[in-house]
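Visitor: Could you put the whole structure together from the sequences, leaning on the hints where they help?
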Amino acid sequence: MIELTSVSRWYGNVVAVNDVTLTIGPGVTGLLGPNGAGKTTVLHMMAGFLAPSQGTVLVNGTPSWRNPEVYRSLGLVTERESVPGYLTAWEFVHASAVLHKLPDAKAAARRAIDLVEMGDAMDRRISTYSKGMRQRTRVAAALVHDPSVLLLDEPFNGMDPRQRMHMMDLLHRMAGEGRTILFSSHILEEVERLSGTVQVIVSGRLAASGDYRHIRRLMTNRPHEFVISSSDDRRLAAALMGLPSVSGVELGTAGLQVRANDFGGFTRELAKVAKAQDIRLAQLLPSDESLERVFSYLVAS
Amino acid sequence: MNLMIIRITLRALLGRRRALLLLPIPVLLIGLTAFAGSSNVPVERWAPMLLNGMGLGVLLPLTALIVGSSALGLEIEDGTITHILTKPLPRREIILSKLVVAWLVTTVAAGVPLGAAGIIADSTRLGWGLFAGAAVGALAYSALFLALSVVTRRPVIIGMSYILIWENLLGAYVDGTKVLSVRQFSSTITDTVTGELILKSTLSVTTALVMAGVFVILATVAATHRLRSFSLAGDTN
Chain P
35 MIELTSVSRW YGNVVAVNDV TLTIGPGVTG LLGPNGAGKT TVLHMMAGFL
85 APSQGTVLVN GTPSWRNPEV YRSLGLVTER ESVPGYLTAW EFVHASAVLH
135 KLPDAKAAAR RAIDLVEMGD AMDRRISTYS KGMRQRTRVA AALVHDPSVL
185 LLDEPFNGMD PRQRMHMMDL LHRMAGEGRT ILFSSHILEE VERLSGTVQV
235 IVSGRLAASG DYRHIRRLMT NRPHEFVISS SDDRRLAAAL MGLPSVSGVE
285 LGTAGLQVRA NDFGGFTREL AKVAKAQDIR LAQLLPSDES LERVFSYLVA
335 S
Chain H
58 MNLMIIRITL RALLGRRRAL LLLPIPVLLI GLTAFAGSSN VPVERWAPML
108 LNGMGLGVLL PLTALIVGSS ALGLEIEDGT ITHILTKPLP RREIILSKLV
158 VAWLVTTVAA GVPLGAAGII ADSTRLGWGL FAGAAVGALA YSALFLALSV
208 VTRRPVIIGM SYILIWENLL GAYVDGTKVL SVRQFSSTIT DTVTGELILK
258 STLSVTTALV MAGVFVILAT VAATHRLRSF SLAGDTN
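Taken in sequence, the protein lines are chains P and H.
Read in order, the letters of the first sequence correspond to residues 35 to 335 in the working numbering.
Read in order, the letters of the second sequence correspond to residues 58 to 294 in the working numbering.
Everything labelled a hint here was simulated from the structure, so no lab data went into it.
These figures come from a predicted structure and were not determined experimentally.
All C-beta atoms, glycine included, are put in the ideal place defined by N, C-alpha and C.
Please note: incorrect hints may appear among the correct ones.
[Unchecked claim] Here are a few chain H residues that face chain P, going by a calculated C-beta distance under 8 Å:
| hint | residue |
| --- | --- |
| 1 | 61 |
| 2 | 72 |
| 3 | 210 |
[Unchecked claim] Pairs of lysine to aspartate or glutamate residues, derived as DMTMM-like cross-links and limited to a Cα-Cα distance of at most 25 Å, are as follows:
| hint | chain 1 | residue 1 | chain 2 | residue 2 |
| --- | --- | --- | --- | --- |
| 4 | P | 165 | P | 194 |
| 5 | P | 165 | H | 150 |
| 6 | P | 135 | H | 253 |
[Claimed, not checked] Over the 12 Å line for every Cβ pair with chain P, so calculated as not near, a few chain H residues:
| hint | residue |
| --- | --- |
| 7 | 99 |
| 8 | 146 |
| 9 | 274 |
| 10 | 290 |
Guide: So, in C-alpha cells, the structure goes:
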C-alpha cells in the first residue's frame, strides 16, 4: 500500500511534482505520462531516494525517506540499467538475499530466480545477458525478500514485444499473490495488455486515474484534429459541418482544419461526403497525435 | 560491518583493470630504493626524500585516493549503489564495510611495498616503522577519500588538490597545516616505531594519533550522514 498526500517536489524554481495525492493498493498499477512528466520523481520519492518538498509519502504506513527499514517490504527496479556485470545472476540475487539478512538466503534466491525464469542462465555473468535477461535478473533481486510493494521504473524500456509480454505476465502473476505492483511507462501501447488501474501524470500533476479501460476509452474518444487540403476547401468545410462527427471547422492557410469528436465516424464519412460534393481530397493529416497532446487532453477532461 | 558488502567490494575493486594502476609506483619505489642502497651515499641523505617524499608523500596518498574514491564512488557513478541502499541496512554498516575494504587494500598495496623498501634501505625496524606509518595513514586517507566520494561529485579532483596543495605545497612551508596533514601523521608514526627521526618528522606521536582518529571519525560520520539522505535525480534534470 502506497499513500501520497499532497506531495510536491521542486528543484529550485522548477516544480517536478505538483500536489499529488494518490493511494495505490494491491494489484498492478501503471504510472503513465510523457517523458519529463515527473514519473521518476514520484517513484523515487516512494522508494525513499528523494525527500518530498511538501506532503507525506507512506509505504505500508511508514515514511520511506531516511528509513531503510522500509525496504523490508519494498522492492525497487530503477530505470537506469545498472547491474554489476562481473557477477553472475545467482551471485547477484543471492547477495541481495544475504544483504536482506533472510534466514534462508539460498532458498530465497532460488525462488526469485525461478520466478523470473532465469534458472538456466543464472551461472553466467550478467555482462553476457540480453537486455530482457538483465531486466529479469534485476526484478529477481528486487523481490528476493518477497516484498509486498514492488516499484518498477520503465521496466519495458527497450524490450521487444515478446519480452514485454513475459514481463507483463510476471507482474500480473505477482499482483495475483496480493502484492502492490507499480510500474511507470511513457508509451501507451506498452500497457495494452494491462487490466489494472492507471494513474496518469502530466507536467507533475495527477491528470487522470482509474480503470485502464476507462482511461483508454477517454483517449480514443478524445477530439482528433486533422488538416485537409482539397480541390475546394470552402465547400468541403460547409459540407463537413453537416456531419454529426465533426465539432469544428476552420479555414487556415495550411488548409482546412477539422476537429472530429468521433474518430471512427469521421474517417468513414469523410470520403463519402467528398465524393457526393465532387471534391477531390489531396491530403489528410492528423495534426495532434503526439503523446504530449494525448496526455494533455486528459488533463483538460 | 557486513561481510557480503566487503566481499563484493573487494571483487569490484580488484576485478577491474583500474587495479593495475596500483602497480607501477610500488615497483618504481622498490627499484629506486635498491639502486640508492647499492650506492655509497649514506642512507640519511636519501631516505627522507625517497621514503618520505615519494613513499609516504606520493605512493600512499595516490593509492588511497584510487582505492578510497572507488570503494563506494564507482557504485554511485554507475548507479549500482541502489542495490545496496534498497536493503534494510544501517547506513553506518555500509560505510564502515567500505572503509575496511579501502583501508585493507591501501595498506596491502602501499604499506607492504613501503615496508619492503624500508628493509632494503636500512633495517627491519625501519620496514616495520614504514608499514605502521602507512597503515595509520591509509586509514585516515581512506576515510577522507571515501567521505569525499559520497559528499562531492568530484572526489578525485578534490582529493588530488588536498594531496598536492595542502600536504605537499603548504605542508612544506606553512607549519600550521601539519596537524591537518595525513602525511605528517604517517611519518611521525614511522619515526616513532623505528625509534629514530630518520624521516625528520615534527609532530608529537600523541598529536599524530589523536588527529588521525579525528580524521577517521569526522569523515566517517559525514559519509554516513550523507548516505542516509542519498538522493537519486529525477527525470527533470
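Visitor: Confirm or reject each hint.
Guide: Going through the hints against the structure:
{"no.": "1", "hint": "61", "in the structure": "5 Å, holds"}
{"no.": "2", "hint": "72", "in the structure": "5 Å, holds"}
{"no.": "3", "hint": "210", "in the structure": "16 Å, violated"}
{"no.": "4", "hint": "P/165 x P/194", "in the structure": "9 Å, holds"}
{"no.": "5", "hint": "P/165 x H/150", "in the structure": "32 Å, violated"}
{"no.": "6", "hint": "P/135 x H/253", "in the structure": "50 Å, violated"}
{"no.": "7", "hint": "99", "in the structure": "49 Å, holds"}
{"no.": "8", "hint": "146", "in the structure": "6 Å, violated"}
{"no.": "9", "hint": "274", "in the structure": "22 Å, holds"}
{"no.": "10", "hint": "290", "in the structure": "8 Å, violated"}
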